[in-house]
Amino acid sequence: MGVAASPACAVVAIDAGNSKTDAAMVAADGTVLGTGRAGGFQPPVSGVEAAVDVLAEAVAGAAAAAGLPGVPRAARVSACLANADLPVEERRLTEAVAARGWGAATEVRNDTFAILRAGADGPLGVAVVCGAGINCVGMLPDGRTARFAALGQISGDWGGGGGLAQEALWWAARAEDGRGGPTALAAALPGHFGLASMAALIEALHLGGLDRGRLHELVPVLFAVARAGDAVAAALVERQAEEVVALASVALERLGLLEREVPVLLGGGVLAARHPALNGRIGELLAARAPLARLSVVTAPPVLGAALLGLGRAGRAGRGDGEAACPVRVNPGRGRACPEPRGPLRRIDGEG
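Going letter by letter, the sequence shown gives residues 19 to 370 in the working numbering.
Simulated from the structure, these hints should not be mistaken for lab results.
Keep in mind it's a predicted model, so treat the numbers as computed, not measured.
Idealized CB from N, CA, C, for every residue including glycine.
Where hints are given, some of them may not hold.
[As the list claims (entries may be wrong)] Now the in silico label distances, taken between C-beta atoms and shown as ranges: (1) 310 / 122: 37 to 45 Å; (2) 260 / 188: 17 to 25 Å; (3) 162 / 294: 52 to 60 Å; (4) 87 / 122: 16 to 24 Å; (5) 87 / 238: 21 to 29 Å; (6) 291 / 57: 18 to 26 Å.
Working from the sequences, and respecting the hints, build out all of it.
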């Protein structure tokens, strides 16, 4: 397959999470030329090259939607990728993505930066993502950043969807066998899967009768039990709020932003669900630590943030006073993040 010179495409923007990958072809003026979607990006599971093949599928879809034949060639590739947590991982992934020849320059960042840039007016602020795991980044206009390893318990992390599900299971198991105090989670968790007891749920998970990939379904159950007044479930929600605020506060402090009016953005499935007990408590705790921070939930597609980072790096941020507006919408029927065709990029503000 030949390489097509594509001067109209300034940025190949990619946002790749563990569950899905979005790509967009973006012109220098911010016009979205085409978008594509593929599966999850998991180099620790599949290996780097197989994972980058998933990116290639999304990029090919975006190029086809943009009417660009062959392999697209842009001025810059801006890829915000899950599992790009350490500098060595970013270097390896940058090399692997650059080798595909999609752009004259390639920059790989952690996918949390896409959330931050999608929700902020510029490269300034802090974002906390609570999806399958939990992560936080901060950014200043001069390029300085605040980051965390975000490798799970070994790097001091707590929570996220996977962590909350595991905690709920732990407390429910101990409640049923007598080692712990009572909690309604002991009935609610197995009940969600049509099972009669925690013993049955534990057996199903251990023997493979229940796919562990479904454990994320327990997070809404946990919040429902907490909402009904269960003390154990409520304590887990409180702990998650404390962890989110700890991350945000430390990032703000590292960047000298703790006493400045800056955005603190929330993203990922757990926070985007806007559970009042969690998000409301985050607001209360953050107000005590950083009273000037502006808290909001990011609703714009993260690939928009990857595009804005790429355009900004090229010196063409595509933003400014009087910028034309083109809403980014999601078309569930086609399973694709679909910007309105041929419209300039804009950020969609999260609602605080």
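Verification of the hints:
As the Cβ distance of residue 310 to residue 122 is approximately 40 Å, the hint placing it in 37 to 45 Å holds. The hinted window of 17 to 25 Å between residue 260 and residue 188 holds, with their beta carbons roughly 18 Å apart. A hinted range of 52 to 60 Å for the beta carbons of residue 162 and residue 294 is inconsistent with their spacing of about 35 Å. Checked against the hint of 16 to 24 Å, the pair residue 87 and residue 122 passes, with Cβ atoms roughly 19 Å apart.
Roughly 44 Å separates the CB atoms of residue 87 and residue 238, a value that falls outside the hinted 21 to 29 Å. For the hinted restraint 18 to 26 Å between residue 291 and residue 57, the CB-CB distance of approximately 23 Å keeps it satisfied.
The structure fails to meet hints 3, 5 from the earlier list, while all remaining hints are met.
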